[in-house]
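> So the sequence lines, in the order shown, correspond to chains A and B.
If you count the first sequence from 1, position 245 lands on 245 in the numbering used here, and the numbers rise without skipping.
In the numbering used here, each residue's number is its place in the second sequence (first place is 1) plus 343.
In short, the hints are calculated from the structure, not lab data.
Misleading hints may appear alongside valid ones.
What the hints assert, rightly or not - With a Cα cut of at most 16 angstroms, we get these calculated EDC-like pairs of lysine to aspartate or glutamate: (1) Lys264(A) - Asp440(B); (2) Lys268(A) - Asp104(A); (3) Lys520(B) - Asp66(A); (4) Lys24(A) - Glu443(B); (5) Lys183(A) - Glu411(B); (6) Lys264(A) - Glu439(B); (7) Lys294(A) - Asp153(A); (8) Lys551(B) - Glu535(B); (9) Lys422(B) - Glu443(B); (10) Lys430(B) - Glu443(B); (11) Lys520(B) - Asp347(B); (12) Lys13(A) - Asp40(A); (13) Lys24(A) - Asp40(A); (14) Lys294(A) - Asp166(A); (15) Lys294(A) - Asp164(A).
Predicted model, so just to flag it, every value in this text is computed and none were measured.
Chain by chain, the residues:
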Amino acid sequence: MNQDKFVDKYQSKWDGFEAWLAQKARLDIKEGQVVPLANDVPHIYRQLCHHLSLAQSRNYSAYLVDYLNQLVLRGHQYIYGQQKVSSNSILQFMFVGFPRVVRDEKWLVLLGHLLFYGPLFAVVAVIQIFPDFVYSIIDPQNVEQIRSMYNPDSDYIGRARDADDDFKMFGFYIYNNVSIDFKTFAGGIFYGLGSIFFMVFNGLHIGAVFGYLIHIEYGTPLFSFVAGHSAFELTAITLSGAAGMKIGFALVAPGRKTRGQALKDSAKISLQIMYGAMTMTALAAFIEAFWSSKTFIDPQIKYTVGIVLWVLTYAYLLFAGRQYRKPATRTPAINNTDNTGTA
Amino acid sequence: MIIDSYRTVETPEGVELALRIAGPAVRGYAWFIDFLIRAAIYMALAFVFSLIGDFGTGLLLISIFLIEWFYPIFFEVRKYGMTPGKKALGIRVVMEDGNEITLQASFIRNLLRAFDFLPFLYGFGLVTMLCNSEFKRLGDISAGTLVVYRHELGEAVDIAKAIPAAPAVPLNSAEQKAIIQYAERVPNLNPERSMELANILSDLTKAKDHTATTKLLQYANWMLGRR
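Only chain B is shown next, with the shape it has when bound in the complex (with noise of 0.2 angstroms):
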């Protein structure tokens, strides 16, 4: 059994569509970023409002409770699921079927945020995303969401350039990820090493040594789509 936080969603047109879930670490910094943000609203509004009097008082409680209960679905609905806390972490929120999130779905995710954060910092919360194969608190399993990466394209950690060659033979998704991290690895590891683990494949690369590692760094470059 594979241990993964992929989940992978089957379109009507018969393609699946992965989604890399996000896990509670990830979540709970960016709920702190959105907290910074909102107290520093909070704060500013305040002052503002101070000057003028009784009147402002009513407008900051009113937006106080208008940012505190809202703030969240106007952002997930509104700007393609994601806080400004997630969008800087690279996570969003999605229905479970891969689709952008419903204003219906939002709602019943925030509100129920009120029960999910008891008994102090989302301790239910947590706990219900711990038990949860794909992480989901309560809020996500009553309204049918995921909150996962938002898997922007980019080059790997930075490998070294090579001039990129495709392999003899085609290689499945698993094996390319394998070549890909030895490339990211080169760096780390001392030249008799890479060398050793390069002459694994020789039979792949029909090279040994420092060629068979060259080999596989063009390989690692042309997998990554370099030209």
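The shape of chain A in the complex, shown without the other chains (with noise of 0.2 angstroms):
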């Protein structure tokens, strides 16, 4: 047939699928919402595929292979098109999908406890020891602001604040400490050593910290302040190495698939766990900047609270999501002649 007897016969059905595609695009349907067309979608999807086929095999012109070429590239986007998401997924998500991935990941998520806590702990200790040992992780300056900020006499803890100051530190937390979890996982591509020294650095740091007003005994400033946004912000910490590790050692040993499809694998999963420490942070970020300064609140408050988000914490992240066996039920006969011949 040439091309244009071939033009003329179907370029009603080209325009009808346009005008659907443009519909489509126009109204931004919202999922279910059907657009009508006169046949069904996918019979004429097909056809126009055949017709591209036919057009380049026939080597018709270039401009008409092209425009079906794009004709079919947009009716396959939006037929095979993505999942919308929904508002009970995201509740599924948070209350099974995350849990139940940071248990899949355990021992990634145990290695990132044991590289955060474990230098962070080292160095509290050390500095009982050796107090000057501070200052090789932290220079002078910043140990004497560290110093007065948490000092117990004045009447704030951290920074000067005011209510509006507390917002103010919010958008800062908010900034500062996400950030933080983004870079330590965005690291881990590096064979999971950009998260490894992530975490180790931060352990570190946080671990001068506590080890230096611990050692000037200012512990009761500090620990006050901490006790609330702790469980969460440190856990993000880790959880977003876990994260970091998981795609850096997916190159180090693929296992059975090639390096490009376990990176690609592995990269899902992890973007899982970061959306929960993104969460966490956030969260930690809020109570940090309107709950932990407050020096109206009795820290024997806040320490209980503190308590009880740490073990929410872990609550939430060793059970939340588990299936519990249930007892086993009788399958029903599918029809009445089972063995038993009960009437």
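Taking the hints as your guide, dock the two standalone chains into a single complex.
Next up, the structure:
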């Protein structure tokens, strides 16, 4: 068939399909809402693909082949398009999906804990014996600043605050802390080394701050400040590190897949861990900004709240989303001819 | 071996879709445009928020955080894979199989941007792109995405109009492109040279010299869909 006849014969179908595409794009269709087409869309799409193949094999003009190619490409994207996220799936992820993913990666999560808390506690211990060790990790000006921030005699813990300040600090904590999580994760692509570095570095630094403040007996202001938000923030760091190590180790030990495939697969899982870590850090920022620095709240209350949050965090990660085995039920007979012969 | 930046994807219907992959230069320009847009937004926000004191500073910090990390994700997922910079340069982000980018893939490629940006201005990203046959940076490799040209249909560069005529025999796409490119070059060639080239195809056009040139122009017009 020559090209002109071909075009004349099918142009109306192509126009119909194009109108459907335009309508779909314009209305930003919500899931499930159907945009009607005269015949059913998959059928028309398959015909369109056939036409494209014909045009290519019959060497019709480049313009026509391009046009059909574009039409097929756009149709392909709508027909094989992605899932929209529903609110139900978000809740499902929060209460079931995320804790399960964390438990699936328990060895990496444990390793993350080791790499972070190990240096942290080690440095705290060392500083009690060799107080000057703090200067190997933090420079003297910053040490002085930390000392003044946590002075038990002052009216406030941390930085000077009023209500506006709280929100400013909230903004700062979001900006600073979530970025740390993201960078810890991104560093993992370098065979996991970036994540390891970030976790150890943060562990050392936080350990130095804690160790120094404990040594000069500023423990009460320190712990009453950090009690509330530490559960979420520190756990999020270890989770981000675990997520980063997962993608890095996929490159080191891809198992039976190619490195590229292993990387892609592990990235999808790691990302789920990051969603959770991100949220936890945002919550921690909120608590840190609006609760932690309030000196009018009795330290005992803050310690209690802190301990509760720590317990809750780990209870959540360890137990949320577990399926408990139901007692076995008898399968009902499909028809009445079962062996027991009951009437 | 043909060195080309086309990647063909076979769909379940057995059709081959052609995607033309965008290289580091155009992606770099697109990034720069996005960078300027973001900088302008930050300056505007900084000005506005400075008027409401510390609360404003908090808002500013949160806004900068959100925009810095989530600006590309928002545009890639909601706007057909195109940030404003990419849209301006006619490229977009797609999955490897030609589908629109998923939220998950967008997150992965944009979080890993933090690493691709090192040591400065996408050093590692650039090296990876150059070592990769599909110009993928680390974020693209991990997420399974590609950056391709949007491939808008348009007429080729000014070709002199002529009454469209189909060639006597069907020509395959490479041959058609050769004739179209000849027609694009004709204004820059002197008449003797264009006739010399046109005479190569005298068996096809059944003509010589000036008539052959005209005939080839007519074929080119036809191939471009002019009626």
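> Run the distance test for Lys422(B) versus Glu443(B): straight-line Cα separation, threshold 16 angstroms.
10 angstroms, holds
> Is the hinted pair Lys24(A) and Asp40(A) satisfied, with a Cα-Cα distance of at most 16 angstroms?
Measuring from Cα to Cα gives roughly 14 angstroms; hence the hint holds.
> CA of Lys183(A) to CA of Glu411(B), is that 16 angstroms or under?
13 angstroms, holds
> Going straight from one Cα to the other, do Lys13(A) and Asp40(A) come out at no more than 16 angstroms?
Holds. Lys13(A) to Asp40(A) sits at ~12 angstroms (cutoff 16 angstroms).
> Hinted pair, alpha-carbon criterion (16 angstroms max): Lys24(A), Glu443(B). Please report holds or violated.
Holds - the C-alpha atoms of Glu443(B) and Lys24(A) are around 15 angstroms apart, at most 16 angstroms.
> Between Lys520(B) and Asp66(A), does the CA-CA distance stay at or below 16 angstroms?
Within the cut-off at roughly 12 angstroms; holds.
> Given the proposed pairing of Lys264(A) with Glu439(B), does the C-alpha separation stay at or below 16 angstroms?
12 angstroms, holds
> Taking 16 angstroms as the top limit, are the C-alpha atoms of Lys294(A) and Asp164(A) close enough?
OK: Lys294(A) and Asp164(A) at ~14 angstroms, within 16 angstroms.
> Tell me if the straight-line CA distance from Lys294(A) to Asp166(A) falls inside 16 angstroms.
With a Cα-Cα distance of about 10 angstroms, the restraint between Lys294(A) and Asp166(A) holds, given a limit of 16 angstroms.
> Between Lys294(A) and Asp153(A), is the straight-line Cα distance small enough, at 16 angstroms or below?
With a Cα-Cα distance of about 14 angstroms, the restraint between Lys294(A) and Asp153(A) holds, given a limit of 16 angstroms.
> Is Lys430(B) within 16 angstroms of Glu443(B), Cα to Cα?
Holds. Lys430(B) to Glu443(B) sits at ~15 angstroms (cutoff 16 angstroms).
> Against the 16 angstroms threshold, does the CA-CA distance of Lys268(A) and Asp104(A) hold or violate the hint?
Holds, at about 13 angstroms.
Checked against the numbered hints above, the structure violates none of them.
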